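Chains as they are written, first to last, in UniProt numbering: chain A, 1 to 530; chain B, 1 to 410.
FYI, nobody ran anything at the bench for these hints, they're computed from the structure. Every value quoted in this text rests on a predicted model; they were computed, and no experiment measured them. Certain hints may be false.
One side only, chain A facing chain B, incomplete, derived with CB under 7 Å [to be verified]:
hint, residue
1, 337
2, 340
3, 342
4, 350
5, 352
6, 353
7, 356
8, 357
9, 361
Just so you have them, the derived chain A footprint on chain B, three or more residues with Cβ under 8 Å [what the hints assert, rightly or not]:
hint, region
10, 31-38
11, 48-58
12, 99-111
Cβ atoms here follow ideal geometry from the backbone N, Cα and C, with glycine treated the same way.
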Amino acid sequence: MPTDKHAGHSGKEGSPGSGQTIQAEQVLLPDLDSNLERLHRFLGGGEDIVCRTLEHRSFNRTRYALLYIDGIVDGVAISTMLLGLLEDANASYTETEGAGEPNLYRHLTERSIAIGKLSDVNTIEQAGYAMLEGCSVLLVDGCLRAIVMDTTGGETRAVEEPSSQTVIRGPKEGFTENLRTNTSLIRRIIKSPDLRFEYKMIGRQTRTNVAVVYLEGIAEREVINEVHRRLDKIDIDGVLESGYIEEFIQDRAFTPFPLLQNTERPDAACGALLEGQVVIMVSGTPFSLIAPVTFAKFFQSSEDYYQRYDIATFLRIIRMTSFFISMLLPSLYIAITTFHQEMLPTSLLISLAAQREGIPFPALLEAFLMEITFEILREAGVRMPRIIGPAISIVGALVLGQAAVQAGIISAAMVIVVSFTAIASFVIPAVNMGIAARLIRFVLMILAGTFGLFGIMSGLMLLLAHLCGLRSFGKPYMMPFSPFVASNMKDVLIRVPWWAMRKRPTNIASDSNKFREGAGQKPRPDQEGA
Amino acid sequence: MRIRIKSFLSVVVLLFAALVTTGCWNRIELNEIAITSATGIDWDGENWIVSYQVVIPAAISSVTGGSGGTGPKSPIIVYSTKGKTIRDAIMHSFSESPRKLFFAHNRVVVIGEKAMRKGVNELIDVYFRNSGSRETVSVLATPGTSRRVLEQFMQLQAISGAGMKEIILSEMKNTSILPNVPVYQLAMEITGDAKSAVVPEIFVSGSEDTSSLDSFSSTSIPSKLKLGRLAILKNDQMIGWMSRKESLGAAYLRDSVQQSFVVVPCEDQEGKKGFDTVQILKSKTKIIPKLQGGQLSFKADVDVTGTLMESNCAQDLFKPGVIQSLEKEGEVQIIAMMQEAWKKGQELQVDLFGAAEKTHRKYPKQWKEWSNSWDEVFAKSPLEAKVKFRMARMGLSNKSFQYLLDKKEK
Chain A
1 MPTDKHAGHS GKEGSPGSGQ TIQAEQVLLP DLDSNLERLH RFLGGGEDIV
51 CRTLEHRSFN RTRYALLYID GIVDGVAIST MLLGLLEDAN ASYTETEGAG
101 EPNLYRHLTE RSIAIGKLSD VNTIEQAGYA MLEGCSVLLV DGCLRAIVMD
151 TTGGETRAVE EPSSQTVIRG PKEGFTENLR TNTSLIRRII KSPDLRFEYK
201 MIGRQTRTNV AVVYLEGIAE REVINEVHRR LDKIDIDGVL ESGYIEEFIQ
251 DRAFTPFPLL QNTERPDAAC GALLEGQVVI MVSGTPFSLI APVTFAKFFQ
301 SSEDYYQRYD IATFLRIIRM TSFFISMLLP SLYIAITTFH QEMLPTSLLI
351 SLAAQREGIP FPALLEAFLM EITFEILREA GVRMPRIIGP AISIVGALVL
401 GQAAVQAGII SAAMVIVVSF TAIASFVIPA VNMGIAARLI RFVLMILAGT
451 FGLFGIMSGL MLLLAHLCGL RSFGKPYMMP FSPFVASNMK DVLIRVPWWA
501 MRKRPTNIAS DSNKFREGAG QKPRPDQEGA
Chain B
1 MRIRIKSFLS VVVLLFAALV TTGCWNRIEL NEIAITSATG IDWDGENWIV
51 SYQVVIPAAI SSVTGGSGGT GPKSPIIVYS TKGKTIRDAI MHSFSESPRK
101 LFFAHNRVVV IGEKAMRKGV NELIDVYFRN SGSRETVSVL ATPGTSRRVL
151 EQFMQLQAIS GAGMKEIILS EMKNTSILPN VPVYQLAMEI TGDAKSAVVP
201 EIFVSGSEDT SSLDSFSSTS IPSKLKLGRL AILKNDQMIG WMSRKESLGA
251 AYLRDSVQQS FVVVPCEDQE GKKGFDTVQI LKSKTKIIPK LQGGQLSFKA
301 DVDVTGTLME SNCAQDLFKP GVIQSLEKEG EVQIIAMMQE AWKKGQELQV
351 DLFGAAEKTH RKYPKQWKEW SNSWDEVFAK SPLEAKVKFR MARMGLSNKS
401 FQYLLDKKEK
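Model the full assembly from the supplied sequences, consistent with the hints where possible.
Listed below in structure tokens is the structure:
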């Protein structure tokens, strides 16, 4: 379909603001039938394109047509509107406002259509794209404009509890695939006139709606502009998930660490907005992006702010520890058992040596075998159909845990190390950070197997240098640590009580609006009682 | 971009090279090392004989309830090699051991009397020169050959090397009779002003050996490893033994008493004699050299705190004077012990008590003169011992049971 392809390409250029002259053949003509025919051709036909032609009893029996694509429109809205139109078509109007098309057009827009949001277009292309968005189009015979009615709707997933970022205490609703639902979830939490949604369309074919959300006056102008600049540069034919966008707009292409945070929790997104970050929402995915972001953010869960601060602090320390365990434990085990046996207590050394008795592989290979086996198991667990899940876990636990040790292929200590590492890697709230730790783990294991602790230390130093060099939308990735910002440390490794966190994180939020709460709110029961 | 890819690739190649050339590194797997738990050193007149007590990890884990194994296996194996030097002997081990000897977890080094009398400087050199072995290894002396000591099994502890270390540490902590002497301390004492050192003795008590697992099929084992006397070293050579009583006195003088016991004779009102046992909880000794009219003498000030553990005299400890008399008796006992040790030291012309350092510090000018013939100067210097004994507690009952019995009879 050459015309379709052509239209699709020019869609990007024809988007608002490009200022291209409208081609003559695409302009709506006074003849309804030719318009309908051209619109059908533009959309490539298809059973789901619904065209309903009506004839009005008044206005010289003018013909007009309602068009929409079935399935992506709100059925209830359509039927209500159609009912209204039919009733209106059957009514006879005696006012003589001069017969003619413009009058019917005005009559329809002002008196007849039971839809909140209306707009008009004057080309076939615009009408067609509006229909693809889920709008209904009303074409009136003899009229050079068409009415576009916002009837977007259709089947979407209901708001459910987020599956990847769960909490014990806190809101249970999560983003859905529908952008409008997602923006409404944010609107419902932050009822501020300063809340800004700026929409974009990315993707030549998918024409995905992207919303840039921020709080005016709290988010830094520079960052907002930078987000817009980077988003505008994207030229791709399809955006199916926010991950597409993430890879285009992150500051550095080659790094295992995520430079943008993603969340499917509206409360987490709102927390980010209140701290001056910018949220990028993408239609078609429940995962929104948050930028700019620091390394420490990936170890924070929104629950940290709902649980009491002492609990939250404890949990954060546990998460940080788990991160290091998940990154380092196998390599430390390899380094110590193959290079630095003198560092172990004697009884531990003897029991480890007893377990290694008769193991055919060197410790490095043993660790690699187990780690890779576990990664395969984990991946199988994610991909396999839910029904055969238990079977796989039984096979995994038995074959890897018990049989491998009993057969003398793998030492029991290695199984313990690998399983502990695996569990620790799931403690990190951000899945992408957990994956980063897993990738680094393999590099460190090779270093440990070749250079011992010396190798691990050199690896960690390189890693630290790399981390300190990273930026997220121009903000240093390791921010509260390097450069050191004392006031931000209140909410990094520890979380101090809410009444003590007066300032928003500096260097992320705008400098003009530093304080987020009143001073002196520490509870003092004796004064209240007096 | 091309340069970046090039440098990245070269890093990858280098890393890969590191991976394949690991053979040159000191990487060694756990099942390629022979963990030595104790080393023995003997001298047969011409050669050093080094004995190793090597742990068999698999056997240990089967002893402690691991899987597999047909009947009990010996958790340790002992073998010896001979050589012109100690390290030469160790080198010979490569020709008979399938695994590389690993000394980092060695707990004790047992030296036979002959080797002790020959001198320990070579051993100390080996320890300080090589990074594999630790200087915290405890040194023990044995009257016979060290190999026999290493061959003995021990009750409760499967690895007797580790057990020997535990015995000496517990002895030092609870009775303070024998000190734990690590290699570095031995070296320090030998090179100190007094050029003397002590090494505790370990010996096989009993005529038969407990070197077979069959010994453990009955409730008592034919022989045991036991700590005994204290070996006295002058320069690096052993010159004699000190009895346990003398060595406790020496421990007071060396200020190395952590916890100890003293048995104090007592008497009730009717003149019946008995003994009280006092546990020493704290002890502090100060040795002060004094120079009067060209005659060097020493004063030992000892502060002791104890608690009564046992009393079989019919005493009412609440009565004034009873505790004081006990304290007095304790002082006498401790002074006697110290004097005995001092005399033994003078007899052997060895200053074991750190008197040389104290004198050096206090009289640096005269020291130049004394340092050449310190042993003779020391042998002539008398000791004046003063003990301050404080009974801190008397346990949960204040009157002795004998006292209550006597009262009932009346």
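Evaluated hints:
1. 337: 5 Å, holds
2. 340: Since the shortest Cβ distance to chain B is 9 Å, the answer is violated.
3. 342: 3 Å, holds
4. 350: 5 Å, holds
5. 352: With a minimum Cβ separation of about 6 Å from chain B (threshold 7 Å), the hint on residue 352 of chain A holds.
6. 353: Given a least distance of 4 Å, the restraint on residue 353 of chain A holds.
7. 356: The hint holds - residue 356 of chain A has a Cβ within 7 Å of chain B, the shortest such distance being about 4 Å.
8. 357: 4 Å, holds
9. 361: Interface hint status for residue 361 of chain A: violated (9 Å vs cutoff 7 Å).
10. 31-38: It holds, with 4 qualifying residues against the three required.
11. 48-58: Three-residue rule met by the region 48-58 of chain B, so holds; n is 3.
12. 99-111: Holds: 4 residues of the region 99-111 of chain B have a Cβ under 8 Å from chain A.
In summary, the numbered hints that this structure violates are 2 and 9.
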